Structures are given as C-alpha cells and as structure tokens.
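K.L.:
Chain by chain, the residues:
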Amino acid sequence: MSARRPAPSRGASLLTLAGAIGAWWTVAQIHVAGRSLVATPAATLGALSREAPTLGRDLAATAARAGMGLSVGVAAGLGIGALAAVLVRRAPVIDGLLDFARSVPPVVILPVCLLAFGYNELARAVTVAFGCVWTVSLAVITAASSPRSARREMLDVAGATPLRALAWTQPWESLGVLVVGLRTSASTAVVVAVVTEMIAGTERGLGGRVIAAQIAGDTEGLTLDVLAAGALGYLVNLGLRGLEQWVRRLET
Amino acid sequence: MSGRTREESGHSGPRNGTIVAALDRVSVLGGDHPMLREASLSLRAGERVALVGPNGAGKSTLVRVLLGLTAPAAGTVQRAVGGVGYLPQGYAESLFPWFSVLRNVAMPRLVARREDAYDAARTLADRILPGVDSRRRAGRLSGGEKQATALARALASPGDLVIADEPFSAIAASSRERLRRALRDQLGGRALLLVTHDAGDVTDLCDRTVRLIDGRTVEASA
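So the sequence lines, in the order shown, correspond to chains D and X. Using our numbering, the letters of the first sequence map in sequence onto residues 2 to 253. Using our numbering, the letters of the second sequence map in sequence onto residues 9 to 230.
Calculated from the structure, these hints are not laboratory results. Check the hints yourself; a few may be wrong.
Stated by the list, open to error - Computed spacing ranges between beta-carbons, pair by pair:
id: 1; chain 1: D; residue 1: GLN246; chain 2: X; residue 2: ASP212; range: 43 to 51 Å
id: 2; chain 1: X; residue 1: HIS205; chain 2: D; residue 2: VAL87; range: 38 to 46 Å
id: 3; chain 1: D; residue 1: ARG90; chain 2: X; residue 2: HIS205; range: 38 to 46 Å
id: 4; chain 1: X; residue 1: ARG143; chain 2: D; residue 2: GLY57; range: 53 to 61 Å
id: 5; chain 1: D; residue 1: ALA21; chain 2: X; residue 2: HIS205; range: 33 to 41 Å
Stated by the list, open to error - Where chain D lies over chain X, by a calculated footprint (3+ residues, C-beta under 8 Å):
id: 6; stretch: 40-48
id: 7; stretch: 95-108
id: 8; stretch: 196-205
Bear in mind the structure is a predicted one, so any value in this text is a computation, not a measurement. Think of the CB as a built atom: it goes at the ideal place given N, C-alpha and C, for glycine as much as any other residue.
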C-alpha cells in the first residue's frame, strides 16, 4: 500500500515562511568587521519602497537581456541540434563535442565577445546565447535519437511516407525533452545575463546594481538586488515549470 | 461469420481466396535464441485467422514480421499492400494522446488521403465508442476506451488486412461481446489475423486457428 501524501496546510506554509524570515533576521544580526553582511527584512522592505522605480527598470533590463540571449540561443540550438541529429549517426563524436561546448562556462566567453563585438548589447546577448545553445542542441539530439515509437510504427504500417510519419510524431514526442532543455537554458540565461552585467558593467541591469551597491557599501540595496535576482530566476522557472507540466499532461 | 457484404462495410479489396499477406519458412533470431523457426502462414482475402499459443511463443514477433517491422533472418515475407489496420498489444502507446479520439480513428484514412476519413471515423467511433465524446483528447481516455479507440482505428484502415493483437484485453467483460460484434461487422471482405488467448474470440470471430509453439506454426483447425 502506498502512503498518502498529507494535504497541504496553509498554517504550516505560513509558519515555514515566518521561520525563513526569522532565519533571515538572525543572519542579519551577524556582523563581520563591524558591519552586517545582510540587511534585516524590515530594512530591505524600506529599501524596496525607496528604490522600486529604478529596481523595476533594472530588473526589466536584465530580463530583456536574458530573454534576447535565450531566444537567439534556442533558435540556434534548434538549428544546430537538428543538423547534429542528422550527422551524429555518421560521426558520433559530434555528441561529445556538443557536450564539451556545454561544459565551457558561458561567462568565460564574455571577454572573447567583448573583443569581437565591443562593449555593447550584442556581446552580452551572444554570451547569454552561448550559455543556452548547447543545452538546446543536446535536447534536440536526445529527442531525435529516441527509439522509434509505437505511434511511428503504426503510421508506417498504415502506409505513411517517412516524412509524414515524422511530421505527425516527432514534434509532439520531442516536446517534453525540449521543454526541459528550455527550462535549463532559461535558468542559465538569467545567471549569465546578471554575471555579464557584473563583469562588463552596464547602465541598466541587476548585475550593475549589485556591483554599485557593493562598492558603495550599501548593504540594504545589495540585499534587495540579490533577492530581486532570485525572484527573477524563480519567476522564469515557475513559468516554464507550468509549461512543462502542460506538456506532460498532453503526453498522457 | 458475419453476413455483412464487402460493400456494406465500405471496403472493396481483393476477391476471396487471393493471398493478401504471407510468411514462408520465416526464422527470426533474438540473440542466440530463435524467436521464430521456419514459421509459415498465409492470409487470404476475407479469411479470419486466430493466432494462438503460450506466452513467449513468438506471436507478436510473427505479427511484426508480417507488418515489416522486424526483418527475418531467413524465409520470405509477402506484405499486404495499401496499408494494414493494426491494433498492437501496446495499444495505449500507439495512440496519439494529443489528438482527439476522432482524429486518432481517422488516422489510417488520413494517411491514405481519403476524403471520407472523418466521416468513416465518426461512424466507427459511434459504433465502437458509444457514449465517448469523439472530440475528447485520446490521452484522457480510460484504458478500455483507449483500446476501443485503437480497435476503431485499425478498422478504419482502407487496406485489405486487419491485425489485432489481443484486442479485448482491457475491455470490460460486459462490453466485449458488443465489440466482437462490431469487429465482425466492420471487417467486411478484409482478412483478419487475431492474436488471442481467449477461446471465445476464436470461436466467435475466426474460421481458422494457427497455433504457434516454440516459434513454429502448427495449423490447429480448418
């Protein structure tokens, strides 16, 4: 017999949330070299009310950068993945090469992009895209190399042309793997977008804010920026998790 | 045997007696163990043949060879032309869960680019899946409804042969007789190869039984 999962309780959730805020407050009391490393919840809320307009602008700028890089990365990844899926049967080394490319930390490509494109948005977008493209390519290869499905066999038996059988099955059957690849890439895109802003500097963006707050010793602003970056990643993940669940429901 | 004519079922294929598919001394190796040993079988137009045998005897392998999904190590295969209506043992995985029941049933005729694909599918769905909304997504159906959908889809095929691998295994006993009748009526002049463990299926639906024992075919009754 399988044990039933207990029904979620609102009280327990509120208690956990209160505990987390309490832990945050406790950490904020720790002082290193005479100053706290993290602002208290109340002080962070105060900072939010003061900095909301500029924070919103910077958050939007980072989200736009991540979105742009992700779009380019996904488009390129689909193309590269499709080509690699065709060639990988003849040259299995392609799979290893893509895996190697994925293992290169995207931010180390930033200096190369800065040299190639200069200190501009293009360099940042290409760096973010670099972080996404290989994951998507590998997801496409995985989807394409999945074993011949019973649906595909049914279509073959019914007399469908290989192209038609592929068109009726592959896009749908690949959705699950591709959405997982997209979710991983989106998380990478947010991280890389923030880090490129921190390294290369920017007029607008969360990464620039974090560095500015650190230089100014603005603990409240720094805490707020860290939380905002976390919230951005969380929201992106939440949206794509919804998409993934929708695809899973479609498959069953 | 059904009293329905070929015209009534909307199927016009080869005349009775013409061989629509056959295997001649076919062997299939599964690792070092032969799964089929010089198995022979011929299916004539309008003929309804039961393929029986214990689990692991090679029934599904024989079906896959006949469908061209598994290549034999030896022997010759005459495959049916114009597509085969096929209900596999893994019926649930063979459905398109993201499409409607109607589109699933219409699939073989859509593949054959038949204009009557949806009309024929609607007629079959009404008969085989009464009470099921044919606009419903196939993924949302119960196990029995999925198997009935796969049966309707196999029967929607415009080809000369229908192969059904344990077509009623997930169907409730109360609905089985109705589906057997539907299968009998909708076959028309097509040949049927029915893989089954159920003696009721054999007596109700088939003229001839072929037994498969340890990969070898044995004609059991005529």
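K.L.:
Can you name, in rising order, the numbers of the hints this structure does not satisfy?
P.N.:
4, 5, 6 and 8
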